[in-house]
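**Student:** Could you build the full structure based on these sequences and the hints that come with them?
4 protein chains.
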Amino acid sequence: MRRIAMLGSGFIGRFYADSIEGQRSKDKIISIYARKEENAKKFAADYKCDHWTTNMEEAIAHPDVDVVCIALPNYVHADAVMLCCKHKKAVVTTKPLGRNGAEALQMMKAVEEAGIFNGYLEDLVYAPKFLKAYESVKNGALGRILWAKSRETHPGPHSDWFWNIELAGGGCILDLGCHCIEITRTFIGKDIRPVEVMCWADTQVKPIDAEDHAIGLIKYENGAIGQFEVSWAFRGGMDLRDEVMGTEGTIWINNFLRTGMDMFTTGKGADYVAEKAESNTGWLFPVGDEVNDLGYNHMFTEMFNCIENGTDPRETFYDGYVVNAIIDAAYKSAKTKLWEPVQLEVWRGKEGVTKQSTLVDYDVDHYLIKEEVTHYGAKKVVIKHKQTGKIVERIIE
Amino acid sequence: MRRIAMLGSGFIGRFYADSIEGQRSKDKIISIYARKEENAKKFAADYKCDHWTTNMEEAIAHPDVDVVCIALPNYVHADAVMLCCKHKKAVVTTKPLGRNGAEALQMMKAVEEAGIFNGYLEDLVYAPKFLKAYESVKNGALGRILWAKSRETHPGPHSDWFWNIELAGGGCILDLGCHCIEITRTFIGKDIRPVEVMCWADTQVKPIDAEDHAIGLIKYENGAIGQFEVSWAFRGGMDLRDEVMGTEGTIWINNFLRTGMDMFTTGKGADYVAEKAESNTGWLFPVGDEVNDLGYNHMFTEMFNCIENGTDPRETFYDGYVVNAIIDAAYKSAKTKLWEPVQLEVWRGKEGVTKQSTLVDYDVDHYLIKEEVTHYGAKKVVIKHKQTGKIVERIIE
Amino acid sequence: MRRIAMLGSGFIGRFYADSIEGQRSKDKIISIYARKEENAKKFAADYKCDHWTTNMEEAIAHPDVDVVCIALPNYVHADAVMLCCKHKKAVVTTKPLGRNGAEALQMMKAVEEAGIFNGYLEDLVYAPKFLKAYESVKNGALGRILWAKSRETHPGPHSDWFWNIELAGGGCILDLGCHCIEITRTFIGKDIRPVEVMCWADTQVKPIDAEDHAIGLIKYENGAIGQFEVSWAFRGGMDLRDEVMGTEGTIWINNFLRTGMDMFTTGKGADYVAEKAESNTGWLFPVGDEVNDLGYNHMFTEMFNCIENGTDPRETFYDGYVVNAIIDAAYKSAKTKLWEPVQLEVWRGKEGVTKQSTLVDYDVDHYLIKEEVTHYGAKKVVIKHKQTGKIVERIIE
Amino acid sequence: MRRIAMLGSGFIGRFYADSIEGQRSKDKIISIYARKEENAKKFAADYKCDHWTTNMEEAIAHPDVDVVCIALPNYVHADAVMLCCKHKKAVVTTKPLGRNGAEALQMMKAVEEAGIFNGYLEDLVYAPKFLKAYESVKNGALGRILWAKSRETHPGPHSDWFWNIELAGGGCILDLGCHCIEITRTFIGKDIRPVEVMCWADTQVKPIDAEDHAIGLIKYENGAIGQFEVSWAFRGGMDLRDEVMGTEGTIWINNFLRTGMDMFTTGKGADYVAEKAESNTGWLFPVGDEVNDLGYNHMFTEMFNCIENGTDPRETFYDGYVVNAIIDAAYKSAKTKLWEPVQLEVWRGKEGVTKQSTLVDYDVDHYLIKEEVTHYGAKKVVIKHKQTGKIVERIIE
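Protein chains in written order, with my numbering: chain S, 351 to 747; chain P, 351 to 747; chain Z, 351 to 747; chain A, 351 to 747.
Keep in mind that the hints were calculated from the coordinates and are not lab data.
Warning: the hint list may mix true and false statements.
In this list, chains with the same sequence are indistinguishable; a pair is considered to hold if it fits within one copy or across any two.
As the list claims (entries may be wrong) - Simulated crosslink set (DSS-like; lysine-lysine; CA at most 30 Å straight-line): (1) K392 with K729; (2) K459 with K682; (3) K720 with K569; (4) K540 with K459; (5) K729 with K482.
**Tutor:** Have a look at this one:
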C-alpha cells in the first residue's frame with residue numbers, strides 16, 4: 351500500500367486521484383497540497399484525506415507519505431521535485447517534466463543523485479489500446495517501423511496558467527506534443543536516437559503569445575519518422591489518434607472521438623446533465639471509461655508496483671528529459687525554419703544505428719519492387735536489374 | 351480484502367481471476383477447485399493459490415474462504431450454490447444462473463433462505479460503455495425508451511459441454527441470450543415486467559441438438575420491446591453490439607469488433623503470435639483492455655464493495671432468475687411459434703404499468719405528428735385534428 | 351433516348367428527376383402531371399419540361415411520351431398503371447407497388463396482359479454498396495446465406511398522406527419495410543419462396559392509426575431468415591443499414607449515417623445553410639452523392655437500358671407483388687400474433703427447396719463442430735460421434 | 351455528344367473509359383491510341399471503338415474526334431498536348447500535368463496560345479464527398495480554414511514506368527501528392543497564394559531512386575497550412591483521407607478504406623473471385639461505386655458540359671501548373687532541408703492577402719481566450735487584458 355501526497359487539486363489532480371483510489375486499489379492519498387486553502391479543503395473532503403495544507407513542503411515531508419504525486423502547473427515542477435529530493439520521497443510527476451530540456455535535465459540529475467524513485471506520468475503510453483498496439487509492434491506484426499504519428503487537438507486547456515507562456519513554458523507543443531512525442535518515440539524504439547526536428551508552429555486563432563497549432567517531424571537515427579499534430583484551436587471535442595506504418599502492417603488507434611459509442615439526443619429529455627464536450631445535443635461520442643481508456647489506471651498500477659518491487663517504471667524522468675529535449679528542438683525549428691538537431695547531453699540508448707537495407711532479391715539478377723495480382727487475375731511483378739537498374743514488369747502466372 | 355475460492359479453472363475462471371487479481375486489487379484467490387487435478391494444479395501455480403482441490407465442497411468450506419466464485423458449466427451451478435448455502439459463504443455465479451427458470455428459482459430461494467450474499471455475474475451490464483450509456487438513459491437523454499436491442503454472435507464456444515444440450519441446458523440463447531436479455535431489460539427498466547416473448551430459433555449450421563442461431567422479441571408491460579440476436583454460426587470474430595431507441599435519442603454501442611483500434615498485418619513480421627480471432631493476418635480489430643472493456647473489473651469491484659458494505663449488488667440471483675424465466679419463454683415460443691407469456695412466480699418490480707400517452711398538443715384542436723425543415727428551408731408541420739382525425743400539412747414559416 | 355412523363359412533383363418525383371436528368375443522361379422528362387397546377391408549373395419550370403398538366407391521363411397519353419414514371423401516393427398507383435395499360439406506355443412505379451397484395455396482383459396482371467414494360471423502382475437494390483455486396487454473395491464469398499437483415503428508420507415521412515392509413519395503405523412497414531424486404535429477399539435468393547412471417551408492430555409515439563415501429567422475421571423455404579426493422583420514431587437522422595450472415599462470411603452495409611464523412615460545426619460560420627437532417631450543428635454525417643448512393647442512378651440506367659434492349663429489369667411488378675404479399679402477411683401477423691403464411695397466388699421461383707445439410711465430416715466416425723486455435727496456441731477440435739452423438743474436445747497439435 | 355480520342359489503354363485509360371461511357375452518357379470514345387498494337391486492339395474491342403492506332407497523332411487528328419483524353423505516362427504528356435494544339439482539339443489530361451513546373455508551364459502556355467479547351471483531370475476534387483465538404487466550407491460551416499490535410503498512401507503503382515524517376519519525373523510526391531495538394535489548396539482557397547513548402551521525403555523501402563514516402567507542409571499567404579502525406583510503402587490497401595480544420599468546425603473524409611461497407615470472408619465459399627486489394631480473405635472494405643466515389647463521373651460530366659457551354663472547368667492546365675510548382679518546391683525542400691518558396695511565374699489569384707485578425711472582444715478591457723462549461727456545471731471564461739496582457743479565469747455563472 352502506497353501513502354500518497356498529492357500536490358495540486360485541479361483537473362489533473364482529481365483525474366489522478368480517481369484513478370489511484372478507483373478499482374479497490376490498496377493505495378491512499380493521505381495529504382493534499384493546494385495553493386488555495388479552499389481548494390485543499392475541498393479536495394481533502396472529496397477524497398477523505400486526513401491532511402491538507404497550503405505549504406507544499408509540509409505535504410511532502412509528512413511522515414506517513416511515501417510517494418509524492420506532482421499535479422501542478424509546469425513552472426512549479428522543479429521546485430516540487432527538489433523538495434522530494436531533500437526529503438527522499440519517491441516522486442511521480444505529471445507531463446511535461448520541465449518547461450525545457452535544461453530544467454528537465456536538472457530535475458533528472460537531482461532525483462538520480464538523491465537516489466529516489468522517479469516516474470514520469472505519461473499516461474498515454476499506458477492507454478490500453480497503446481499497450482495492445484505496442485505489443486503487436488514489438489512482436490513484429492508491422493515489420494520495421496517507418497513512421498508513427500500522434501495527434502492531439504482540442505479547443506484549449508481549462509486553467510489560465512496554460513495560456514501564459516512564462517508559466518507554462520510554451521503552448522500546445524509543450525502541453526500536447528509531449529504526449530505525441532513519447533507515443534511515437536515508443537513505437538519507433540526508445541533506444542533509437544532522435545536526431546533532428548522540423549516544426550511549423552503558429553498562433554492562428556487565440557490572442558496569446560504561445561502557439562495554438564503546430565506540426566512537427568522528428569527524424570530518428572534509423573530513418574524512421576515521428577510526427578506530431580497538436581492544436582488548441584480544434585473544434586469538435588478532443589481528437590486523440592495515433593497511426594503507425596511498418597513494412598508489414600499498419601495500426602490506427604482512436605482514443606476518444608470514435609471508440610464504438612455513439613449517442614444522439616435532442617436534449618429534450620428531462621433532467622439531462624451536460625457532457626464535458628463542445629455540445630450536449632446532437633450526435634455525441636462519449637468514452638466508456640475515461641480514467642482507464644486514457645491509461646491512468648495502468649500507469650499508476652505499474653508505477654506503484656515498481657516502487658514496491660524496486661524496479662524502474664516504463665517512464666522515468668530520463669524519458670521526460672528526452673521529450674523535453676525534442677520539444678526544445680521543435681521550438682527552435684519553428685523559429686529558425688531549419689531542421690534542428692536534438693541536443694541530448696545524456697543519451698542512454700543505442701549509438702550509431704544505421705538505416706536497414708530493404709533490398710529483396712527476386713532472382714539472382716533482380717530486386718523485387720512489387721508483386722501484385724492484377725484486376726484481370728494475373729500475377730505480376732515489377733523488378734529492377736541489380737546491375738543496370740532497369741525496371742520492368744513481368745507477368746508470371 | 352476478499353479471500354476467494356474459485357470453482358472452475360477454464361476459460362471464464364481465468365478471465366475472472368485476471369480481473370480479480372489485476373489492477374492491484376486487495377482481493378486474492380486462495381483456493382481453486384477443478385474437476386481434473388492437473389487443471390487445478392496449473393491454475394494454482396499460475397495464480398499462486400495456496401490451496402487446490404478436486405473436491406468442490408473442500409474449496410467452499412475452506413476456513414479462509416469468504417467468497418465463492420462459480421465459474422463452472424451450467425449443469426453444476428445448482429449443486430455449487432447449495433454447498434455455499436450449507437457453508438454460509440457469499441456466492442457469485444457466472445451466467446446464466448440456471449439451465450431454466452425452475453432451477454434458477456430454486457437457487458434464488460436457497461441463497462435467500464440461507465441469508466448469504468448472492469451476486470449474478472452478468473459482466474456486460476458493468477461494461478464501461480454500458481454504464482455510461484445507462485447513465486444517459488437514466489438521466490433522460492433518450493426520453494422514453496421504445497426499443498433496446500443487443501446482439502452477441504460469434505463462431506461458437508470453446509468447451510465441449512456447451513454443445514451438449516443436456517449439460518448446457520440449451521444453445522446460444524442460453525449461452526449468449528442471457529447477456530442480451532439483461533442488457534436490454536436494464537435499458538428498458540428492471541422494474542418493468544417482461545410480459546411475453548416471441549422467438550425464432552434454428553440449428554442452421556452445426557451438427558448439434560441445440561439452436562445455433564436465434565432472434566427474440568420481449569414485450570414489456572409499458573409497451574417497450576427488447577430484442578436479442580444470438581448465434582454460434584457468425585463469421586468474423588465476436589460481434590457484440592447494443593442499440594437503444596428513445597423518443598428523444600439513440601445510442602449505439604460496439605463492444606468488440608469496432609472500438610477504435612484497427613490493425614493490418616501481412617503476417618510476415620518476425621515472431622508474431624496469433625490473436626484469439628478468426629484470423630491473424632489482414633485487417634484485425636483488437637480490443638484495448640478486454641477484461642475492463644467487457645465489464646469484469648467494474649463488476650467484481652461492485653460485488654466485493656457490496657459484500658463489504660452489506661448492500662445488494664446491481665445484479666443478484668433474482669435478476670438471474672428473471673433472465674432464466676424470459677429464456678424459458680423464448681424456448682417455448684421457438685417451439686409453439688406463439689408469443690409465450692413470461693412465467694414469473696416471483697416478481698419484485700412494478701405492477702400494472704400502462705403504456706404512456708404520447709400525444710403532443712400542437713394547438714387546441716390539433717395534435718402534432720411531425721415538425722420539420724423542408725429542403726427548401728421552410729418550416730412545416732404535419733398535424734392531426736383531435737375530433738375529426740384529419741391529417742394535414744401546414745407550412746408555418 | 352427516353353421521353354418521360356413524370357406523374358407527381360413531390361419529394362420523390364424530384365429525386366427521380368434529378369437522377370434521370372443528371373450525369374448527362376440522354377433521357378428527358380417531357381411532361382409533368384401534378385394534382386395542383388402550381389406544383390406542375392413549378393416542376394416544369396425547374397426541369398424545363400415543355401408540357402405540364404393536372405390531368406393524369408393527358409400526361410400519360412402525350413404522343414411524345416414513351417415511358418411513364420409513377421411518383422404518386424400509394425393510393426393512386428393502381429389508377430395510374432391502368433391508364434398506362436390503356437395507352438400502352440412503358441411504366442415504372444415507385445415503391446410499394448400496391449397498398450396490399452391484391453392491388454399489386456391486379457396491377458401486375460394488367461401490365462402483363464397489356465404487354466407493356468413494367469419496372470418496380472426499388473432503388474435500394476441498386477445502391478452501389480448493395481450491388482457490390484450482392485456480387486460477393488453470388489460469387490460465394492459468404493457461403494450459404496443464413497440471415498439477412500435490413501433496417502430503415504427515420505423520424506417520419508414528409509407528406510401528410512403517408513400518415514393516413516387509408517391513403518397510404520399502412521404505416522412504416524409499407525413505407526420502409528418494402529425496401530428492407532426486397533433487400534433481404536435478394537440476398538437470400540429471389541427464387542427462394544418466402545414461407546411465413548412473424549411481425550411485431552406498434553404505434554409507440556405518433557398520434558396515428560398506423561404503426562410507427564415494427565420488426566418482422568420472414569422464413570424462407572431453404573431455412574434462411576429475412577429480418578426487417580422499420581420505424582418513423584427514430585431520432586438522429588435516417589438509419590439505413592443492412593447485414594448479411596453466411597456460413598463463410600459477413601457483410602455490413604451502412605448507406606447513410608456513417609459513410610466516411612464526418613463534419614462538426616458550431617453553426618457560427620457566416621451564411622451557413624441547413625442540411626436536411628435533425629440538426630445543423632454539432633457532429634453531422636452527410637452523404638456524398640445521395641442520388642447515386644441510394645441507387646437512383648443505377649436503377650434508371652438499368653430500367654432504360656432494358657426498355658431499349660427489350661429485356662426485363664432486375665425489378666418488375668412481379669417483385670413488387672411478392673413484396674406486397676409478404677407485407678400482407680406481416681400485417682396479419684402483427685394482429686394475430688401468429689406466424690402467418692405468405693399467400694402467393696403467383697409464384698415463379700423454385701418449388702420444394704429443402705434445407706441444405708451442413709454436416710462436415712471430421713473423420714469416418716465424427717462430424718466436426720468447431721476447430722479453433724486456443725489462446726495458448728494449440729489447435730483444438732470439438733467433434734461429435736456420428737452414432738452415439740457424444741461431443742468431445744480433442745487437442746490435435 | 352462528345353467524340354473522344356483516348357490516348358493510352360492502361361489502368362487509368364480504362365477507368366476513364368468506364369466513367370465516360372457509363373451511366374448512359376451521350377459521349378463515345380471513337381479512337382484509341384496505344385503504343386502496342388495488341389493493347390490498342392484489345393481496348394477498341396472492349397469499348398467498341400471504330401478506330402485504333404499506334405500512331406498518337408493519327409488518333410488526335412482523326413476528323414471525327416473533338417476531345418482528346420490523355421491517359422499516358424507523365425513523360426509523354428507534353429508531346430501529346432503539343433499535338434492537340436497543332437490540331438486544335440480540346441484536351442483533358444491526367445494528373446500530374448507535367449513532370450515539373452517548367453514542363454507544365456510550357457503546356458499551359460501552348461494550350462492557351464492555341465485557344466483550345468484544356469481540362470486538368472484531378473478527379474479527387476470532383477469526388478462526391480469532396481464536393482459536399484467543399485460546399486460546406488464555402489458556406490462558412492467551418493469558419494476560417496486553418497489547416498487542410500490530405501493523405502494518399504498505398505502499396506505502390508501498377509506500371510513499371512512509375513518506378514523509373516526519369517520517366518515519371520519523381521516518386522510518390524508527384525504520383526500521389528498532386529492529388530493531395532489540389533485537394534488541400536481547394537479547401538484553403540484556390541485564389542490564395544501558396545508561399546513556401548517544407549518537405550521530408552525518403553526512400554525507406556523500395557529499391558528505387560525516387561522517394562517512396564513523403565510528408566509536406568505548404569504555407570499559404572493567409573497563414574493557412576496545407577499538408578500532404580504520401581507513400582508507396584503503405585500496407586493495408588489504399589488509404590485516402592482528407593481532414594479540414596476551421597475556426598468553427600472540422601471535416602473528416604474517408605474515401606476508401608472505411609466507407610460504410612465491411613465484409614468478412616473465410617475465402618472458402620465456392621467460385622470466389624479476388625478483389626483488387628492486399629488480400630481477399632478476412633475483413634475487407636470494398637468501395638460501393640469506385641468510378642463515382644473517386645470523382646470520375648462528376649469530373650467528366652463537368653468537363654464535357656463546359657466544352658459544350660464554352661466555359662472553363664473547375665480544373666484547368668493552370669491548376670495543374672500551380673500544383674507542379676508546389677511539387678517542385680517540395681522536391682527542392684526535401685534536398686535543401688529548407689522551407690522553399692513556391693516559384694510561380696504566372697499567378698492569377700489574389701495578391702497581398704494578410705493573416706486575418708482573430709481577436710474576439712470579451713468586454714471593453716479584455717479579449718476572450720476560451721469559454722467553457724466546467725465538469726461541475728459552471729460557465730467559465732479565460733480572458734486576456736488588452737493593455738497588460740494578463741490572463742485570468744473567471745467563473746461567470
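**Student:** Now tell me, hint by hint, if it's right for this structure.
**Tutor:** Status of each hint after checking the structure:
For the homomeric pair K392 and K729, the shortest alpha-carbon distance between copies (19 Å) is at most 30 Å, but the shortest distance inside one copy (70 Å) is not. Within a single copy, K459 and K682 get their C-alpha atoms as close as 24 Å, which meets the 30 Å cut-off; across copies the closest is 42 Å, which misses it. Proximity of K720 to K569 under the C-alpha cut-off of 30 Å is restricted to the intra-copy arrangement: shortest distance 26 Å within a copy versus 34 Å between copies. When the C-alpha separation of K540 and K459 is checked against a cutoff of 30 Å, the pair qualifies only within one copy, where the shortest distance is 19 Å, while the shortest distance between copies is 53 Å.
Proximity of K729 and K482 under a CA criterion of 30 Å is satisfied inter-copy only: 23 Å between copies versus 35 Å inside one chain copy.
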